[in-house]
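Residue numbers (the numbering used here), protein chains in the order written: chain A, -9 to 279; chain B, 152 to 643.
In short, the hints are calculated from the structure, not lab data.
Small disclaimer: the values here were computed from a predicted structure and weren't measured.
Even for Gly, the Cβ is constructed at its ideal location relative to N, Cα and C.
Possibly wrong hints are sitting among the right ones.
[What the hints assert, rightly or not] Under 8 Å between C-beta atoms, here's a sample of chain A residues computed to sit facing chain B:
id	residue
1	A72
2	S117
3	G118
4	Q120
5	D130
6	D131
7	D210
8	D229
9	A230
10	S274
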Amino acid sequence: MAEPERDQVSGTETTGHEWDGIKELNTPLPRWWLWTFYATIVWALIYTILYPAWPLVSSATSGVLGYSSRAEVAANIAAAKAAQSQYLDQIAVLPLEDIRADQSLFEFALAGGRSAFAVNCSPCHGSGAQGGRGFPNLNDDDWLWGGSLDGIDMSIRHGIRYAADEDARISEMPAFGRDGLLEPAQIADVVQFVLSLSGKDHEADSAIRGVQIFTDNCADCHGATGDGDRNQGAPALNDAIWLYGDSAEAIAAQVTNPNHGVMPAWARRLDDTVIKQLALYVHSLGGGE
Amino acid sequence: MNTVMRDVDAVDRVDVEPVSKEATRELYKARVKIFPMRSSGTFRALKWWVMAVTLAIYYLTPWIRWDRGPFAPDQAVLVDLAHRRFYFFFVEIWPQEFYYVAGLLIMAGVGLFLVTSVLGRAWCGYTCPQTVWVDLFLVVERFVEGDRNARIMLDRARWTLEKIAKRVVKHAAWLVIAVATGGAWIFYFADAPWLAQALVTGEAPFIAYSTIAVLTGTTYLFAGFMREQVCIYMCPWPRIQSAMFDENTLIVTYNDWRGEPRGYLAKQRDPSLGDCIACNMCVAVCPQGIDIRDGQQLECISCALCIDACNGVMDRIGKPRGLISYTTLTDFKERAAGKVAKLSWREVVRLRTIVYASVWALAGLAMLAVLADRDRLEVNVLHDRNPLYVQLSDGGVRNGYTVKILNMVPQPRSFELSLEDLEGATFTVAGSDAPPAESVRVDVGADRVRSLRVYVTVGPAYVRAGRTEFEFEVEDVAGEEDADYLAAFHAP
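Chain A extracted, bound-state conformation (with noise of 0.2 Å):
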């Protein structure tokens, strides 16, 4: 073989390929770089022994030293359930009263609650838990079916009107204009009245000829005054909050043909500890009784 030649100004071999003139010099690569490049190749070749790394037919090579990246979330979820275990097994145990007594119980109730709440309960509520049309604001003082610990507790395990939980709330305002149970000029008559409960402006005359048509009506549930009934999940009639609305024509609306919101039992879906720190955060949030 010939001696490879060289190039005059630098002294290195060229590569003996010449492109219209131009030679390309062979320089070698620098040392420390190709000691690098051996050390990844031996690096790669130990951990595909190592790790799981070579592609079977139907599954892989699993390594020497039986690391799966599922094994490890499985071992970390566990870790972290065995972390939360001292509060879970508390919570599961204790009264809701005592939890909320306990500061460091309490706190852990709550992130869990707010993050269980996000998870399950805003997709209605909403992520604040602020509510909308037909879907209670939980953030104020008013409840349907009671504010306390163990009254919210109650409606998230079972429910509201929900016909698979035999111990969910019901109620069901009759249609009053649907059915014929009231002429449409009652209807207008009894809105009034409504309200005048709250002190919005309304229609003297015609509030005064619905005090009667109420009285018969509506007081059973709502009360001679509109205090509703916690009870059979009557709203209130003479405050600020208004599920459906508070115009005459969304009063009007729901005693003619009434909207009734249906909340699913979470006793079916959800832990126990889960559904109790639930009620933890809701009642935390401002409203609670």
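Dock chain B against chain A, hints included.
Then chain B, alone, in the frame of chain A:
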């Protein structure tokens, strides 16, 4: 490199070629070992002192105690990363006060500019950790292997038992120093006595051991092997020095107008020769491997060891000192022109140094002023965005806030939290069953942040549509400090 020494009258001549020379500089070159000769003199003595003081500061600072009471660590200088606190004697810094550290860095930067514009690379030559540790390693090297000639000899010698023994002792001593260097570093980040005990008993956290390992490696490598290469190739500072130099900067200078033409010292010396007797002592002592007679060079860290070496030679041959000296370019030119020039104060106090000194002092004064007047109580308020407000059944409106009270002193304190400028407002604190009130007592632990959920309710008679600004006020019950936060109340 030839090590043969010839006796020419009183002065030894060292046959040495500078390792780094512009004429022979290549882009790719293996490191040529430098064997600096021991020198003695004014600047060497000064460097010993600087080394002793800087090493003492580094190794001893974490062990200084400073009583801060029962709620804070008693270590004078402590970077408590876990609790995000920085303690420096009487100063305690929270993460949001990190600008003090930024201010210190600015002062350090401008201070370097100032020193460099007056004294050239004094930082590099005397106080830079790289210089100090290389010096320390050289002390060990000289102690074990002897001075320059002995070391060169040993380096070239075959591997004998003696050579192996010397090398083992040297590297072992280096490693001990390196471990101590890394070990001292971590004491700044934890209680030093506790950590020292934990290190020995093997109970210290892994990060402590790994930090020591990394710093041991870098110290051993930088001070033992890379040495001048760190200054020449790795450090950015030498590259920006030239912007700080001007004709009035004191630079280690070979006064060629006096020295040239150089010639060997001989019984019959040509009177036309300059004072330089080409003994090459300046090259032999140089830790950077340069010949200062080639002029100002990027490799020179102005450690002034060549001045010491040359002065010693000049003393012995009965010539005045200062053939190599700290000289400004202005004086150098004047003297070269045959005039008598003395360093005048005008060369030191000039526009550039005045500006640097002023900026440095201003930054320092501003930091001191801010430090003296800084708050040790802060309140931050975050208004709930979702929901922005809550309509209550009686027609009132409620807003939710997260109120954070920062008690930044190492004692627990009680505060009175109240509302200002919000008519008809009362508030409750989440988790408390106390009835709505206009002010609430809050206890905050020593050096802690307390976060409260506060529900502010405005009665139906006082609700104003839209946005109403008001203030959360926090007052130390002992009456020493207060803080407030401008917040907004929203209503439909």
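Hints versus structure:
With a least beta-carbon distance of about 22 Å to chain B, the hint placing A72 of chain A at the interface is violated under the 8 Å criterion. Look at S117 of chain A: its Cβ gets to within about 6 Å of chain B, closer than 8 Å, so that hint holds up. Here the hint on G118 of chain A is kept, as its CB sits about 3 Å from the closest CB of chain B, short of 8 Å. With a cut of 8 Å, the hint placing Q120 of chain A at the interface with chain B holds, because the nearest CB-to-CB distance is about 4 Å.
The closest approach between the C-beta of D130 of chain A and any C-beta of chain B is roughly 5 Å, which is under the 8 Å cut-off, so the hint is satisfied. Hint status for D131 of chain A relative to chain B: holds, with the closest Cβ pair at about 5 Å, below 8 Å. At about 21 Å, the closest approach between the beta carbon of D210 of chain A and any beta carbon in chain B exceeds 8 Å, and the interface hint on this residue is violated. Checking D229 of chain A against chain B: minimum C-beta separation of about 4 Å stays under 8 Å; hint holds.
Interface restraint check: A230 of chain A against chain B, minimum CB-CB distance 4 Å, threshold 8 Å, status holds. Interface hint status for S274 of chain A: upheld, as the beta-carbon distance to the closest one in chain B is roughly 6 Å, under 8 Å.
This entry does not satisfy hints 1, 7, going by the numbered hints stated previously.
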